[in-house]
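Q: Sequence:
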Amino acid sequence: MADRTITKGFIDPTFQVRNLLQRFLGLLYHSYYYILMFVSIIGLFPWLFHYSKHDKDFPSFYRFGRLWSALILNGMGLVRKVTYEADIPWDRPYVVVANHSSELDIMVTYRLVKSPTVFIGKIELTRIPLFGFFFKRSSICVDRKSLASAREVMAQSSDCLTRGLNMCIYPEGGIPKNPAMLLGPFKRGAFKLAIEHGADILPITFGGHRQHFPDLLKGGRPGVIRATVHKPIATKGMALGDAQALSNRVHDVILSQLKTYRKLS
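Basically my numbering = 1-based index in the sequence shown + 2.
If you're looking for bench data, these hints aren't it; they were derived computationally from the structure. Here a beta-carbon is modelled for each residue, glycine too, at the ideal position from N, C-alpha and C. Among the clues, some could well be false.
[Unchecked claim] Below 20 angstroms or equal to it, Euclidean Cα-Cα: the simulated PhoX-like pairs (lysine-lysine) are:
(1) LYS238 to LYS194
(2) LYS83 to LYS238
(3) LYS83 to LYS116
(4) LYS261 to LYS179
(5) LYS83 to LYS189
(6) LYS265 to LYS116
(7) LYS179 to LYS116
(8) LYS83 to LYS147
(9) LYS138 to LYS55
[Said to hold, decoys possible] Ranges between beta-carbon positions, derived for each pair:
(10) ALA150 to PRO15: 51 to 57 angstroms
(11) GLU198 to LEU23: 47 to 53 angstroms
(12) ALA152 to GLY79: 36 to 42 angstroms
(13) LEU266 to GLY134: 30 to 36 angstroms
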């Protein structure tokens, strides 16, 4: 039977209406998300502002960041199904690496990683009203067009690990433009950083984020999102020359879990 959606240049009106409705509902859902974000930040503003002034107060800031992320995710009707492959000792710093597919990734990372974590993010995030103000004060911002910025980011990241803070890096370097791509290639910076400091890698796999919160006008809906916090991978005894092999190993772990999630969708 011929596909009713497109037949000899004819576009099924039902498909058009369904597509427009999906875009409209997606716009409403995204608008609700931004309203919820601003309202929750305003509600927590005194504490977020106070604890983002000095480095020594960052652990307290992170606790309020975790509360903020819970308000957002619960308010959006996103139910989290999380699997921890092992008991994670939170008394040591990790380099947290995860796949990147949606704006939800940062908020879910807040919920999953229980010890203070500094994020590396693109400088464009600082332009988001209110959110950008606190992102700049609590995270490390990188200008992807500047080599000098990249070097400065690595220096700041090293300092954070030395202070006992986790570093969260999405090693794909951004959200893959092709939604059919499960996982893009990894950059090696996160793995070199971990090896230099002897810090364990903590891999995390997110499932369902792109489906439930894709780009603006591409839909979005409440529902179940999944995550797996994998066993930490030790880097002690590794040399910088092992960074690519380590990157490949972590990539394989996350990609394998993404394929499992795809079968569940």
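Q: Each hint: holds or not?
A: Checked hints:
no.	hint	verdict
1	LYS238 to LYS194	holds, 12 angstroms
2	LYS83 to LYS238	violated, 31 angstroms
3	LYS83 to LYS116	holds, 16 angstroms
4	LYS261 to LYS179	holds, 18 angstroms
5	LYS83 to LYS189	violated, 28 angstroms
6	LYS265 to LYS116	violated, 29 angstroms
7	LYS179 to LYS116	violated, 30 angstroms
8	LYS83 to LYS147	violated, 37 angstroms
9	LYS138 to LYS55	holds, 11 angstroms
10	ALA150 to PRO15: 51 to 57 angstroms	holds, 54 angstroms
11	GLU198 to LEU23: 47 to 53 angstroms	holds, 51 angstroms
12	ALA152 to GLY79: 36 to 42 angstroms	holds, 38 angstroms
13	LEU266 to GLY134: 30 to 36 angstroms	holds, 35 angstroms
In summary, the numbered hints that this structure violates are 2, 5, 6, 7 and 8.
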